[in-house]
Amino acid sequence: MGRQQGRARTFTRRSLLLLGGQLGLFGVLAGRLYWLQVVESEKYQTLSDTNRISLRLVPPVRGRVLDREGEPLAVNRPNYRIVVVPELTGNVGATLDALATLLPVGEADRRRIMRDVARKRRFLPIVVRENLSWEDVGRVAVNTQDLPGVQFDVGFAREYPRGMDFAHVVGYVAPPAEADLTGDPLLELPDFRIGRNGIERVYDLAMRGRGGTSQLEVNAVGRPIRELDRVDGDPGQDVALTIDAGLQRFCMQRLSQEESAAAVVMEVETGEVLASSSWPSFDPNDFATGIPAGLWRELLADTRGPLTNKVVSGQYAPGSTYKMVVALAGLEAGVIAPDHRIHCPGHMDLGDNRFHCWRRGGHGAVDMVEAIQQSCDVYFYELSRRVGIDRISAMSRRFGLGQSLGIDVPGERAGLMPTRAWKEAIHGKPWAQGDTLVAGIGQGFVLATPLQLAVMTARMANGGRAVEPHFARQRIEGGSLVDRVEEPAPSLGIPQRHLAVVLKAMSSVVNDPRGTAFRARIDEPELAMGGKTGTSQVRRITAQERATGMRRPHEVPWNERDHALFVGFAPVREPRYACAVIVEHGGGGSAVAAPIARDILLEAQRRDSAGRSVRRARAVGTAPT
Amino acid sequence: MDLRAIFAGRPDEPGLVDKLASVNWGLVLLIALVSCIGFAMQYSAAGGSMQPWAGRQVARFGAGLVLMLVAALVHLRWWHALAYPVYALGLLLLVAVEVFGRIGMGAQRWIDLGFFQFQPTELMKLGLVLVLARHFHAMSQEQVRKPHRLAWPVLLGVVPALLVAKQPDLGSALLLLTLTGALLFLAGVRLWKFAAVVALVLAALPLAWSRLRDYQKQRVLVFLDPEKDPLGSGYHIIQSKIALGSGGIWGKGFMQGTQSYLQFLPEKQTDFIFTMYAEEFGLAGGIVLLALYAAILVYGTMIALVARSQFGRLLASGIMVAFWVYAFINMAMVTGLIPVVGEPLPFVSYGGSALVSLLVSFGLVINVYVHRNAQIGRAGDEGGP
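Each protein sequence line maps, in turn, to chains A and B. Heads up, the first sequence is in the numbering used here, so the first residue is 1 and it goes up one at a time. Heads up, the second sequence is in the numbering used here, so the first residue is 1001 and it goes up one at a time.
Mixed in with the good hints, there may be bad ones.
Ranges between beta-carbon positions, derived for each pair [as the list claims (entries may be wrong)]: (1) B/W1192 with A/Q215: 18 to 26 Å; (2) A/V28 with B/V1198: 18 to 26 Å; (3) A/D234 with B/G1047: 30 to 38 Å.
Derived by calculation from the structure, the hints in this document are not laboratory data. Here the structure is a predicted model, which is why all the values come from computation and not from measurement. Idealized CB from N, CA, C, for every residue including glycine.
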């Protein structure tokens, strides 16, 4: 028992010692509180009342989008807002009533404001109206003495001065969605927008810039007194496009005469896209300010696809515009000579099937130039039968068909160049020779986008070099934009004499009285163009229709009519521009698409001589703050 | 199993009703008072709303009180028997947290039971006090004085401390070591041994410094000179001092604190709740809270002193030490006396895990009082010494 008591005695002694120490340290705490709250209180009181530091995030100014001449296509417009600070107002309702006599304040606005008044801290401004005109601002400014707590505020809003013309290329911005939030507080600022489509999306990170911070001294109710320190962020970088805004507008207006169409113009040497238009279009300004639900549903429901950039996302059977590729494949394979003639009786029989030429009476004996000039189908049935699908497909790929081109606007589709393996994998049926014949006139499985057709034409017109299309003069390197260095495009390895035959044939399509596009020729020899018409079937022509005679175009429902296509280049002597035009359900390529391409190529050359810079290196600055 | 056997001991020992009557209701009242201060401050921190903190805290307090009474009325022998299981469970969960732990606040500290997020360190602290109390209960004073007999209890403390430090939760690791030291001290280990350990620790400091994480180093450095980095790590300390100092003697009044509302204070409902309290209620309020804490401390220590079993004495003392360390560290931190270590203020800070484990711990303290005369053998049986 004694040991037990000894243990207890030790415990009691040490326990009290410990308690003493603990209470002593509590005493130290009390002393510390006395020091802070009594002795030094005055100092801290002053600090508390007047010297509080508040850090605020300063959003960066988003980079602009400019055309090749520096014309702004996407800019930051000052957004004048009227805000009310509840704390300075007293009676918010009465202030709103007074304000409503100067500018309309809707019932919905009023409800939102009153809700924010109840929810937010009283010294925080609440937006009453934004996107005000300068007149509205002025009218309120004159009356501010009667409107306590009403203040002005300037933010930035994205604006697209060219509106519809650039909706598909430049794209638009929108507030970040939940999935876009990365933890970067910048994204959570109410005004912040991120690129949602087009160039705005592809170059978004470089255009965003980096936010700065402002260290503010605020008073007892949190109102800023003065700025103590400021760390400037970096404004976003400007993106300079290769597009010529004037030509783009011209294309858009020319296409707007059709129901649904797309056109693209590019430089054959550099791959710079000068115009890329998809009609119908939409106004991206609606998206920047938040699109009304009704308008959005309307755009989505429109069968002509105003939201789709048909230049890169529309896939069409290229029809006869594809025949040059087949011709080049034939020449390279050595299965035909340019002057070799094939007889066209108006059809060709293969097994039990009869393949028709578009001219029922036939073309007679035609050589390669004549076959392209008059778009003889039988010549190309026979030629593709000799070449075989594999070699046609391989030649197509060299001209950029059937694969993504890796361009800098979103939504690009790859088109389709069928091979034997592809058909077996997808359709589970072996390749038939009839498939080859149909592919030889650009029908059947073959699909291409207008951009791919323009690239194909450019690669023929520039002497067989693999130019890559692009929309911006810069590219992203390590998160920021650097000027693109133009390097000569690598050769496709196609003999010049083969290309010469094809280019001669394309010239005669337009400039020979027998050519399918003769009526769309350019009379001035200096500006003359070459090209190829194409008509792409949307539905099969039945044997019965063929027997009873074709229906007239106006008898066919719009969405069952053929697509009209044209690919062209100009000038013929020294090609500078390649162009592809498609008019959805427009009818025949020669009657509908060729005149559009003529107008566009003429305009491109006229603007050229009017002083548009061609491949002019120019330093690109950043947006002014 | 007969429930009576759990709550009652031998037939000659007091029954459940007698036990309930001998619960220290005064201590419970003190705890409730401090908790009410907590509810009020959580209400204030939410800008005058029971959501999101005060309401839930009140509910947890209610549930915690029930658990507290259960912990108080179960016979002390059961706790003696449960010491190693609780400790083992705590250790197991610490390892589990290391493996599956959810990342919370940059540290792996939580186990999610679905309905309840749980910090294994809380269980570990209780488990450590239980095993050390049990261990020394079985040792005579002579045995305690033999150095080699101390290897086991030191190991019991150091292993979980290392695991916790790895999370990394330096504050809790230090608390576990402090608990071990305090219980060794109370059990009668010679003072020169503590001196030797202190000397050793001082010698090892440079090594420890090099192993600290950058943010931990930063906390210490900025503590030494907060003005060095007024917008970075020192920001909280400076803002906390401004809030406290501007409160003055009588404070700015309930819900009138400006510093806290302007969001100058981080985690104002948890670690910095004392700052808010002292801004709104001033020095007077601060002293009242300190006095309440001191009263609880004295009350708990007295319970330890009247217990007849060494197990009971050490159990109550260990819990009181942990309680004191929490309270002191938190208040010393926000008043700028020690670096920011992120420990909550007992019964006041928002946090269910901490509140419930505190209430259960105090249930054990009350248990020691209720069973102050109980005999516990060395092996936990009912026999005498």
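How the hints compare with the structure:
1. Distance hint for B/W1192 and A/Q215: a CB-CB separation of about 54 Å, inconsistent with the stated range 18 to 26 Å.
2. Between A/V28 and B/V1198 the Cβ separation comes to about 20 Å, which falls inside the hinted range of 18 to 26 Å.
3. At roughly 36 Å, the beta carbons of A/D234 and B/G1047 sit within the given window of 30 to 38 Å.
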